[in-house]
Amino acid sequence: MRALRFRYAIPLLLCFALVFVFGEMAAEAAWPDKPVEFTISAGVGGGADKYARFLVGLNVKNNYISQPIIPVNKPGGAGAVAMQSVLSQKGNGYQMLITLNSFITTPLFQSLPFTFRDFTPVALLALDNFPLWVHKDSKWKTAADFVAEAKKRTITVGGTGSKQEDEIVFRAIEKIAGTKKFKYVPFKGGGAVAKALVGKHVEATVNQVSEAGPFFPEFVRPLCVFQDERLDVKGYEKIPTGKEAGIDLSYNMMRAIFAPPGISKEAEAGLVGLFKKISEDKDWVAFATKTGLQRNFITGDALKKFAMEYEKKHIEIMKAQGWIK
994 MRALRFRYAI PLLLCFALVF VFGEMAAEAA WPDKPVEFTI SAGVGGGADK YARFLVGLNV
1054 KNNYISQPII PVNKPGGAGA VAMQSVLSQK GNGYQMLITL NSFITTPLFQ SLPFTFRDFT
1114 PVALLALDNF PLWVHKDSKW KTAADFVAEA KKRTITVGGT GSKQEDEIVF RAIEKIAGTK
1174 KFKYVPFKGG GAVAKALVGK HVEATVNQVS EAGPFFPEFV RPLCVFQDER LDVKGYEKIP
1234 TGKEAGIDLS YNMMRAIFAP PGISKEAEAG LVGLFKKISE DKDWVAFATK TGLQRNFITG
1294 DALKKFAMEY EKKHIEIMKA QGWIK
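Position in the sequence shown (from 1) plus 993 gives the number in this note's numbering.
Rather than coming from a laboratory, the hints here were simulated on the basis of the structure. Heads up, some of the hints might be wrong.
[What the hints assert, rightly or not] With a straight-line Cα cutoff of 27 Å, these simulated DSS-like cross-link-like pairs (lysine-lysine) come out:
id : residue 1 : residue 2
1  : 1188      : 1132
2  : 1129      : 1227
3  : 1129      : 1173
4  : 1067      : 1132
5  : 1188      : 1144
6  : 1083      : 1298
7  : 1297      : 1270
8  : 1269      : 1067
9  : 1083      : 1027
10 : 1174      : 1305
This one's a predicted model, so the numbers in the text were calculated from it and none came from an experiment.
Can you build the whole structure from these sequences, using the hints too?
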């Protein structure tokens, strides 16, 4: 009798095992079977917010994945709030984060117990620009005018967060051009920064075209752009590079997507596939062209390598500023 029970037990156990295995496979293969949360580490109206919501709109329009993508702003701590939120969702393939360069820098200068290496790389979509903006009523007509004044007195400038990309650019200008130290005023996002310049609450900014562009030329104007090539954007073609304007600085914003650690291969492949489709979308190409983005789609190990090179570059910059040892 015992042998008989054992003989029937084996097939039963096999059935349970097969149900479990195929159930797991079906669950993974079903990705996505619920909405995907898209975390934005800055406030509403900034570059990251605009890009994230534009990408969300592309999915609504084209149904690249069958579930909605929900944008959620989590500003604070120079991106630390958003990063910690996503990092805490280990294994959750329904969470993702759009990056600023603070994704690389914040863990360094805040001595956080994690770095970008702890996240799952999904895709780099593009590199963003940093023009030097002033109010249209400003007496500064060129970057040289701006530098000359900055050598004489302290100029009030604004940017997103502290010890983030915008402040990095202004501190670099100080060093390269030999100006006095700028009075840097931090804001929660690029939208607020742009409005501060329009309202003349600050004298200069380094907003992206996507942020300050809506106010150009009625309220603001760019003096130069800190990248290797001029902007190939209608109305901006004559704006010199920083080097051409006498400030030999080239710096870009990383617009990439990362997910929590430990997500399933199916979820990772699904996210990569989503952004691959978006990177080829004609509306995305048009948006990137209009805002001066340098499209550069990379994933996987190539993105890891890119992020490591960015980290190395920023360690040098931050050491020079005394922000890290």
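Verification of the supplied hints:
1. Proposed proximity of residue 1188 and residue 1132 is supported: the alpha carbons are some 19 Å apart, at most 27 Å.
2. Of the pairs offered as hints, the one joining residue 1129 and residue 1227 holds, with about 18 Å between alpha carbons and a cut-off of 27 Å not exceeded.
3. Our distance criterion of 27 Å between C-alpha atoms is met by residue 1129 and residue 1173, whose separation comes to about 23 Å.
4. Pair hint residue 1067 plus residue 1132 does not hold up; C-alpha atoms about 37 Å apart against a cutoff of 27 Å.
5. The hinted pair formed by residue 1188 and residue 1144 meets the criterion: a straight-line CA distance of about 26 Å does not exceed 27 Å.
6. This hinted pair checks out: residue 1083 and residue 1298 have alpha carbons roughly 22 Å apart, not beyond 27 Å.
7. At most 27 Å may separate the alpha-carbon atoms for a hinted pair to count; residue 1297 and residue 1270 meet this at roughly 21 Å.
8. As the CA atoms of residue 1269 and residue 1067 are separated by approximately 25 Å, the hinted pair is consistent with the 27 Å bound.
9. This hinted pair checks out: residue 1083 and residue 1027 have alpha carbons roughly 17 Å apart, not beyond 27 Å.
10. Only pairs whose Cα atoms come within 27 Å are accepted, and residue 1174 paired with residue 1305 is accepted, the gap being roughly 25 Å.
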